[in-house]
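S.K.: Each protein sequence line maps, in turn, to chains X and F. To get our numbering, take the position in the first sequence, counting from 1, and add 10. To get our numbering, take the position in the second sequence, counting from 1, and add 10.
Just so you know, these hints were derived from the structure itself, not from any lab. A portion of the hints provided could be inaccurate.
Unchecked claim - Heads up, simulated DSS-like pairs for lysine-lysine below, C-alpha to C-alpha not over 27 Å straight-line:
#  : chain 1 : residue 1 : chain 2 : residue 2
1  : F       : Lys161    : X       : Lys116
2  : F       : Lys86     : X       : Lys294
3  : F       : Lys328    : X       : Lys166
4  : F       : Lys283    : X       : Lys166
5  : F       : Lys18     : X       : Lys112
6  : X       : Lys371    : F       : Lys112
7  : F       : Lys80     : X       : Lys371
8  : F       : Lys77     : X       : Lys93
9  : X       : Lys161    : F       : Lys161
10 : F       : Lys18     : X       : Lys371
11 : F       : Lys166    : X       : Lys294
12 : F       : Lys116    : X       : Lys116
13 : X       : Lys161    : F       : Lys116
14 : F       : Lys112    : X       : Lys161
15 : X       : Lys112    : F       : Lys166
16 : F       : Lys112    : F       : Lys18
17 : F       : Lys166    : X       : Lys116
18 : F       : Lys80     : X       : Lys166
19 : X       : Lys166    : F       : Lys166
20 : X       : Lys283    : F       : Lys112
21 : X       : Lys166    : F       : Lys371
The model shown is predicted, which means the values in this text are computed figures rather than measured ones.
Number of protein chains: 2
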Amino acid sequence: MNYSTLYKNTLLNDILPFWEEYSIDWEHGGYFTCLNTQGQVYDTDKFIWLQARQAWTFSMLYNNVEKNPKWLDIAKNGIDFLKRFAMDSEGQFYFSVTQTGKPLVKAYNIFSDCFAAMAFSQFAIATNDESLKTLAKTVYYNILNRINNPKGIYEKQTDIRPLIGFSLPMILSNLVLELEGILLDDEIEKTIDFSINQVMNVFLDESSGLIFENVMPDGSHHDSFNGRLLNPGHGIEAMWFMIDIGVRRKDQVLIQKATDTILTILDYSWDKKYGGIFYFMDVKGHPPQQLEWDQKLWWVHLETLVALAKSYEHTQSKMVLSWYNKVHDYTWQHFSDPENGEWFGYLNRRGEVLLPLKGGKWKGCFHVPRAMYQCWKSFENIEAKKLKI
Amino acid sequence: MNYSTLYKNTLLNDILPFWEEYSIDWEHGGYFTCLNTQGQVYDTDKFIWLQARQAWTFSMLYNNVEKNPKWLDIAKNGIDFLKRFAMDSEGQFYFSVTQTGKPLVKAYNIFSDCFAAMAFSQFAIATNDESLKTLAKTVYYNILNRINNPKGIYEKQTDIRPLIGFSLPMILSNLVLELEGILLDDEIEKTIDFSINQVMNVFLDESSGLIFENVMPDGSHHDSFNGRLLNPGHGIEAMWFMIDIGVRRKDQVLIQKATDTILTILDYSWDKKYGGIFYFMDVKGHPPQQLEWDQKLWWVHLETLVALAKSYEHTQSKMVLSWYNKVHDYTWQHFSDPENGEWFGYLNRRGEVLLPLKGGKWKGCFHVPRAMYQCWKSFENIEAKKLKI
Chain X
11 MNYSTLYKNT
21 LLNDILPFWE
31 EYSIDWEHGG
41 YFTCLNTQGQ
51 VYDTDKFIWL
61 QARQAWTFSM
71 LYNNVEKNPK
81 WLDIAKNGID
91 FLKRFAMDSE
101 GQFYFSVTQT
111 GKPLVKAYNI
121 FSDCFAAMAF
131 SQFAIATNDE
141 SLKTLAKTVY
151 YNILNRINNP
161 KGIYEKQTDI
171 RPLIGFSLPM
181 ILSNLVLELE
191 GILLDDEIEK
201 TIDFSINQVM
211 NVFLDESSGL
221 IFENVMPDGS
231 HHDSFNGRLL
241 NPGHGIEAMW
251 FMIDIGVRRK
261 DQVLIQKATD
271 TILTILDYSW
281 DKKYGGIFYF
291 MDVKGHPPQQ
301 LEWDQKLWWV
311 HLETLVALAK
321 SYEHTQSKMV
331 LSWYNKVHDY
341 TWQHFSDPEN
351 GEWFGYLNRR
361 GEVLLPLKGG
371 KWKGCFHVPR
381 AMYQCWKSFE
391 NIEAKKLKI
Chain F
11 MNYSTLYKNT
21 LLNDILPFWE
31 EYSIDWEHGG
41 YFTCLNTQGQ
51 VYDTDKFIWL
61 QARQAWTFSM
71 LYNNVEKNPK
81 WLDIAKNGID
91 FLKRFAMDSE
101 GQFYFSVTQT
111 GKPLVKAYNI
121 FSDCFAAMAF
131 SQFAIATNDE
141 SLKTLAKTVY
151 YNILNRINNP
161 KGIYEKQTDI
171 RPLIGFSLPM
181 ILSNLVLELE
191 GILLDDEIEK
201 TIDFSINQVM
211 NVFLDESSGL
221 IFENVMPDGS
231 HHDSFNGRLL
241 NPGHGIEAMW
251 FMIDIGVRRK
261 DQVLIQKATD
271 TILTILDYSW
281 DKKYGGIFYF
291 MDVKGHPPQQ
301 LEWDQKLWWV
311 HLETLVALAK
321 SYEHTQSKMV
331 LSWYNKVHDY
341 TWQHFSDPEN
351 GEWFGYLNRR
361 GEVLLPLKGG
371 KWKGCFHVPR
381 AMYQCWKSFE
391 NIEAKKLKI
């Protein structure tokens with residue numbers, strides 16, 4: 011089976027049926043995401059990141075793969091839940107709510123808002139719902155307004171060491187393309203310019219070729235736990251956002267620089283002993299604070315496959331292809347679960363299943379189906395070009 | 011070598027020399043706690059929990075082992091740093107400061123205050139410093155005032171699910187004994203009564219014999235990630251605080267109940283496959299949120315040795331002795347590092363070193379020397395009674 015067929019079939023015949031069968035809470039709205047190996051619900055709390063991401067996934071597939079009314083119903087079940095229960099009185103999004111929508115953890119985290127904006131936008135495109143487009147735009151501008159103080163009153167850091175984080179500029183570079191057709195073109199281009207500069211100039215370190223998770227506002231480094239931190243999966247995921255932008259802008263230099271960065275990060279963070287990509291590293295080789303540093307996470311590996319597939323599609327680099335095949339073998343061997351469906355999320359350093367779950371507080375219906383879709387489409391193009399695989 | 015001598019020698023000839031040699035920041039005050047395998051400083055930030063705990067350790071040893079002026083100097087170096095740099099304008103203690111004492115992470119965490127009160131009290135006793143006794147008392151009452159809302163404005167949970175945490179009642183039962191001679195006897199007895207009730211009635215579950223990390227205020231359980239969470243090391247550590255209280259009150263029933271609880275938790279949380287005690291568990295066997303759940307931590311094992319030694323001293327139970335020897339073998343084999351001194355803190359499930367450090371953000375000069383001292387004293391009594399070992 012060629013890769014495009016593998017990804018397409020897995021998406022349509024394995025991943026989506028799993029979430030369709032086990033995750034929908036038709037009674038109270040939204041989705042269950044805490045699903046064990048077999049798909050049984052083991053916790054009913056609803057984490058807004060994952061509610062929004064699943065609504066986004068089904069909306070996006072409806073828009074791009076097939077006008078399947080079941081997918082639209084599933085997306086609507088999440089969108090309605092989000093609109094009704096996810097926002098506090100200031101229009102900021104909770105981190106989590108109960109099964110019936112009562113707020114549990116307050117809006118300390120701006121990423122709930124980012125994923126809500128993505129979900130609203132895709133669903134508004136699917137349904138041509140003008141008021142939802144307006145809501146998506148409102149949420150987007152709320153995010154921009156909070157960008158310099160995303161944690162608000164929950165910020166525990168003082169101003170003494172004003173490190174800035176990579177997550178927000180990274181996610182903006184993807185979010186803004188999701189709002190195409192909803193935002194004005196000028197706004198989109200302005201945010202793209204901002205993101206490229208932040209990602210490729212401020213956070214990407216010229217000399218090492220690595221992306222730092224936290225830097226000083228001028229891009230300089232700080233010799234502290236947060237300042238030394240690398241999150242290889244984050245860096246690599248951001249590079250496929252950059253490739254998407256490079257394709258949009260026909261900017262081959264950006265695509266090449268993103269490719270170089272993917273390869274540098276992979277070389278640095280690949281576990282030479284047991285295989286797989288480390289979750290966190292300290293750039294000076296000191297012990298990181300994160301006790302989970304050596305674990306192998308599903309999203310890190312799937313985002314890497316997407317990044318390598320896109321890179322290969324647009325550069326035809328042999329080195330990229332060689333890495334693709336290496337990461338492909340590790341990832342499909344260790345994370346997938348053909349017996350029960352969907353993929354495991356968390357492996358220990360040796361690649362053994364650490365948590366027997368298909369979904370939880372942070373893993374939902376998002377990285378797996380998105381990567382399946384992205385790789386399917388990239389390999390369709392790669393195969394159409396008759397590139398060596 | 012008998013156990014009392016092993017613990018005494020390790021404390022005096024291995025553990026203390028390591029911290030004396032590598033950790034003291036004579037220039038800026040306080041201590042370095044981020045020390046690699048060999049004792050080299052790899053990060054200079056100062057975490058207030060650990061600053062206070064190290065000042066406490068050297069003060070406590072000065073008070074109880076030997077009037078060693080070097081120990082008093084080392085303690086003073088931390089106490090002066092704490093007094094000068096650790097308190098914010100409301101008298102609450104920061105979580106961390108820079109090497110030179112500039113605030114980094116605000117007072118979101120009441121445990122900084124708990125350890126500061128312990129340190130001030132022990133040092134005040136060592137030096138008979140009346141104003142420091144008053145400060146220790148002030149900090150203690152500040153803690154009591156915050157007990158129903160310990161995170162203050164940083165609390166992200168809503169009131170929908172009012173779970174209460176085990177840490178605070180647990181630590182109070184130890185802290186209050188540390189303030190003997192500073193607080194009035196009535197205050198001490200009142201807080202002991204409160205702690206015993208919280209620990210042994212509210213958090214200890216009668217039917218399973220396990221201690222829950224979070225319960226509803228009436229002690230009932232909640233079927234959610236936090237409500238299902240077990241932290242075996244916490245439960246076992248609290249049991250030796252209860253045994254100390256039982257000894258003080260000549261309450262053999264309390265000592266026996268604490269002993270039963272230690273054995274129940276150990277039986278539940280011992281890793282039958284690789285040995286050692288799990289860090290976190292879910293009482294229903296679901297995947298916990300904590301990715302580090304299966305790791306083996308130094309403090310969990312050392313506190314267990316203290317608990318078992320004290321329990322054996324006061325119950326002479328064969329089952330306790332058998333568990334003591336089992337945990338002793340695992341702990342001394344896996345955590346200690348006779349080649350470089352001090353103990354490793356973090357092992358993976360298989361008992362291999364996960365982080366090559368002797369100190370970090372959470373590990374300082376506290377659990378190892380305190381456990382060495384406590385086990386030394388317990389085994390002196392056990393050996394004096396000529397009990398079987």
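S.K.: If a hint holds in the structure, say so; if it doesn't, say that too.
M.R.: Hints and how they fare:
no.: 1; hint: Lys161/F with Lys116/X; verdict: holds (14 Å)
no.: 2; hint: Lys86/F with Lys294/X; verdict: violated (33 Å)
no.: 3; hint: Lys328/F with Lys166/X; verdict: violated (49 Å)
no.: 4; hint: Lys283/F with Lys166/X; verdict: violated (40 Å)
no.: 5; hint: Lys18/F with Lys112/X; verdict: violated (55 Å)
no.: 6; hint: Lys371/X with Lys112/F; verdict: violated (35 Å)
no.: 7; hint: Lys80/F with Lys371/X; verdict: violated (49 Å)
no.: 8; hint: Lys77/F with Lys93/X; verdict: violated (67 Å)
no.: 9; hint: Lys161/X with Lys161/F; verdict: holds (16 Å)
no.: 10; hint: Lys18/F with Lys371/X; verdict: violated (45 Å)
no.: 11; hint: Lys166/F with Lys294/X; verdict: violated (33 Å)
no.: 12; hint: Lys116/F with Lys116/X; verdict: holds (19 Å)
no.: 13; hint: Lys161/X with Lys116/F; verdict: holds (14 Å)
no.: 14; hint: Lys112/F with Lys161/X; verdict: holds (21 Å)
no.: 15; hint: Lys112/X with Lys166/F; verdict: holds (14 Å)
no.: 16; hint: Lys112/F with Lys18/F; verdict: violated (37 Å)
no.: 17; hint: Lys166/F with Lys116/X; verdict: holds (5 Å)
no.: 18; hint: Lys80/F with Lys166/X; verdict: violated (36 Å)
no.: 19; hint: Lys166/X with Lys166/F; verdict: holds (12 Å)
no.: 20; hint: Lys283/X with Lys112/F; verdict: violated (41 Å)
no.: 21; hint: Lys166/X with Lys371/F; verdict: holds (16 Å)
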